[in-house]
Every structure is written in structure tokens, then in C-alpha cells.
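What follows is each chain in one-letter form.
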Amino acid sequence: MIPSAFTYHRPSSVQEAVGLLAKLGDDGRAIAGGHSLIPMMKLRLATPGHLVDLAGIADLKGIRSDGNDIVIGAMTTQHDVVCSDLLAGKIPLLRETALLIADPQVRYMGTLGGNVANGDPGNDMPAVMLCLNATYHVTGKGGGRRIAAREFYQGAYFTAMEGGDVLTAVRIPVPPAGHGAAYEKLKRKVGDFATAAAAVILTIGGGKVSSCSIGLTNVAETPLWAEEAAKILTGSSLDAATVKRAIAAAEAITSPASDARGPAHYRTKMAGVMLMRALARAKANAR
Amino acid sequence: MAKSHVTIKVNGKTVEELVEPRTLLIHFLREQLSLTGPHIGCETSHCGACTVDLDGKSVKSCTIFAVQANGADIRTIEGMANPDGTLHALQEGFRQMHGLQCGFCTPGMITRAYRLLQENKNPSEEEIRHGISGNLCRCTGYQNIVKAIQYAAAKLNGVPFQEAAE
Chain F
811 MIPSAFTYHR PSSVQEAVGL LAKLGDDGRA IAGGHSLIPM MKLRLATPGH LVDLAGIADL
871 KGIRSDGNDI VIGAMTTQHD VVCSDLLAGK IPLLRETALL IADPQVRYMG TLGGNVANGD
931 PGNDMPAVML CLNATYHVTG KGGGRRIAAR EFYQGAYFTA MEGGDVLTAV RIPVPPAGHG
991 AAYEKLKRKV GDFATAAAAV ILTIGGGKVS SCSIGLTNVA ETPLWAEEAA KILTGSSLDA
1051 ATVKRAIAAA EAITSPASDA RGPAHYRTKM AGVMLMRALA RAKANAR
Chain D
36 MAKSHVTIKV NGKTVEELVE PRTLLIHFLR EQLSLTGPHI GCETSHCGAC TVDLDGKSVK
96 SCTIFAVQAN GADIRTIEGM ANPDGTLHAL QEGFRQMHGL QCGFCTPGMI TRAYRLLQEN
156 KNPSEEEIRH GISGNLCRCT GYQNIVKAIQ YAAAKLNGVP FQEAAE
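Sequences listed follow chains F and D, in order.
Each residue of the first sequence is one higher than the last, beginning at 811 in the numbering used here.
Each residue of the second sequence is one higher than the last, beginning at 36 in the numbering used here.
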């Protein structure tokens, strides 16, 4: 499987990359870890005339604290996320999620920025970013701007990014100490996309849920933020009846496709099961 | 299409070559450098038979272009044996523990296990299985591959290998 021919560019700054992409228009494509794009190119489902490789831009790598936020450079790999002590301490949900993405080899190459920017509803990090209320830093012809993850996803492979834009970083507000979180993913085998998956973060005070946020993966054209389900749970003790109502609210916003992973109604129900498990585990690891 | 000039260190030797940008690293290694140890199994980033070590990462060489590896330091199965020509502990382990049958996945398995043991000198069975989850074997059922890696870890750590009871 040999991709169609292209010209390779390796800019050393974001400005240079954005300039190149603006000049190349629809014929240019940014490449990060390449583990979504190169398979598409091998199948000739993508045939860019020019590849703009972001790997040479040092500014796009690394994980740092910035006030009450963690800022992760777009070219930070899933392997880097898994190995980060800073993230393990502040947002362990990210490590847990990264470990469920693909396999070790893919995690060495696949990047956080590529995972969230590609708009593939099967990717795991977008729902986690909705859950954590992340913000994406995007640079384009007109300069830099910030887009809330919850406003970023418009359809399968359609996002708030425009031609020539480069996603440079992901900014995540550090969850309160003592929070509980979990990502539960049902998949057929290692390396598979989710049949359904759920991300949960919550805080508990006096035996009641004081805050809660929920994201769902691969059960619609976009990742889903299950706002209503989280509202139902807030203030409750996560008793069985309330959890049941919240799961019904989460299932109600799904609209999965029937595919090799199962018929639509099954995937909707599995989203509910994943949410139930994630809630139980998040509760157990909250302090 | 214009070719690009790449300089890549492969198994300790620096090579300078011209490549088409669309040339995948696996084709570059096999066809331009005649390193046929890394295998083409699925060609869809799943099976891991093409795994090579690139700048301290295990990489599926069917899913990276050779131009992206410009300046990199790569090790393939051909560079795995000890400098005196004796087998690397992993190669010895696969031989002693019967870690292969048809052998097609073995170069990728060993190259991946090499990086795993660099990062984790004494992995548990579970860590080994998770660590090689990007490499498929259709013969062994993995049991003896896990043992082979445990054998190598013990040897590299200078401790006697204790085969777990089944």
C-alpha cells in the first residue's frame, strides 16, 4: 500500500507552519503523529499534495502548569501523557484514558493534539476533554484564538477549526484535589475504537455529589457532553434510582451507527453500562 | 516527484539515501537497505511485525514515512545481537523458551520487547502482556513469548530464571 505522491515540509515554528498551510490551501495537510492520516493515505482516502510535518516545532511539545491550568502541547504523545508525573498527580484521568488508546507502538507516535483535532468520533480524548472542560489553543492566518472543547465538535471530522488552522495546545483546568474520575471503555480487542465509552469526573461532599461532568465516546457523530445526566446526579448520593435516571438521560442523547461493533440500540445501552461503571469507580476513588 | 535526502543511523551505521517522500520506513529498510528482518504483516498498523526501535520508541515502520525518520537512530532485529556476535538475551530467550513457531512475528516481538525491558527492567507477566499488545502472533498463544521475555529480563538482571508453574 503506497500513498499517492506528495511534497514534504518540515517547518520549525508554528508561524511557518500556518504560513505554509495558508499558501497551500486545500492541497496541504498538517501531520502530527500520523497514525490516523498515514493509514488513510495508504488507502488513498486522503491524497494531500503537500504534508506539513509538525514534528520539528519544539514549542508544540511538553506538559506544564500554568496557574490553575495544565497546558499540554499538541505534539505531546500519548506515551508522554502516560509517563507524566505531573498529570498522574493532577489529572490521573488522562493517563488512564491514554492507556486505553490503541497499543504501545501507536502511543509512542500518536499525539494528544492529533487525537482531539482530527474530529474522529472514535477517538477517546475528545469526550474526556468535554468532561474536563478543556480549551483548545488554535493558530491560523488571523492569529491565535481559544475554542472551548464543548463548542469544538460539529460532526464526524468537522470541527471549529478552519483550513490552515493548527491546534497548538490543550488547556485543562486542574480538577479539585480529592475529585474522583474514571474512563470506562468497551472494546472488542486491543487497538479497537470504543463500542461505547464514558468519562466521569465528580466531587463528593458530605456524602452527596457536589459537582459532576460526563463525556461519552463513539455513540454519535461527535463526542457528547452529557449535561442533563450530570445535573440529575448533582446533589444526590448516587443512589440507585437517581443513577438509573441519569443513565436514561445519557442514553437519550446518543445516536450511534449500527456497525461491526453492534447495532445502534446495543451501543446506546453499552454507553449506559459504561457510565454506570465509571460513576461507581469515580465515586470509589473520590475522597 | 523530487526525492528528499535523508541521513539516518541504522544499527549503529549512518546511511545517506535519497527517498521519495511517500516511501514508508518499512519499504526503505527492506528495499533500499536490504534489511528484511522487519516484516510486512498487515500493513495497516495492527500487527506489529514491522516494529523497529526509533529514538527510544517502538514504532510500526509501516506507519511512518522514511523522511520523517531523517536524523533518527534506528535499531532493527539485524542490530540486536551482542557486539561479539552472540545472541542478545531476548534472542536467546525466544530460542530457549520456544517463543516462536513460524517466526514471522519474532523480529517485531523482540524489537518491541527490547524497548519494554529498557523502560521496565523487571516487568510482571501482566506488564509484559500489556507491553506486547501491539504485536500479534498467530502461532504460539503468547505463553512462550511471555516466558522468553521473562527469561531475557532475568538474564539481563543477572538472576536465575524461574519458570512459573502452569
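FYI, nobody ran anything at the bench for these hints, they're computed from the structure.
Be a bit skeptical, because a hint or two may be false.
Pairs of lysine-lysine, DSSO-like flavour, derived with a Cα cap of 27 Å [stated by the list, open to error]:
(1) K900/F / K833/F
(2) K833/F / K190/D
(3) K44/D / K951/F
(4) K852/F / K190/D
(5) K871/F / K190/D
(6) K1018/F / K1093/F
(7) K900/F / K92/D
(8) K190/D / K92/D
(9) K852/F / K1079/F
(10) K900/F / K951/F
Counterexamples of contact, computed for chain F against chain D with all Cβ distances above 10 Å [what the hints assert, rightly or not]:
(11) A815
(12) G877
(13) E961
Just so you know, even glycine gets a beta-carbon here, dropped at the ideal spot from N, CA and C.
Those earlier numbered hints the structure runs against, lowest number first: Result: hints 1, 2, 3, 4, 5, 9, 10, 11 break, sorted rising.
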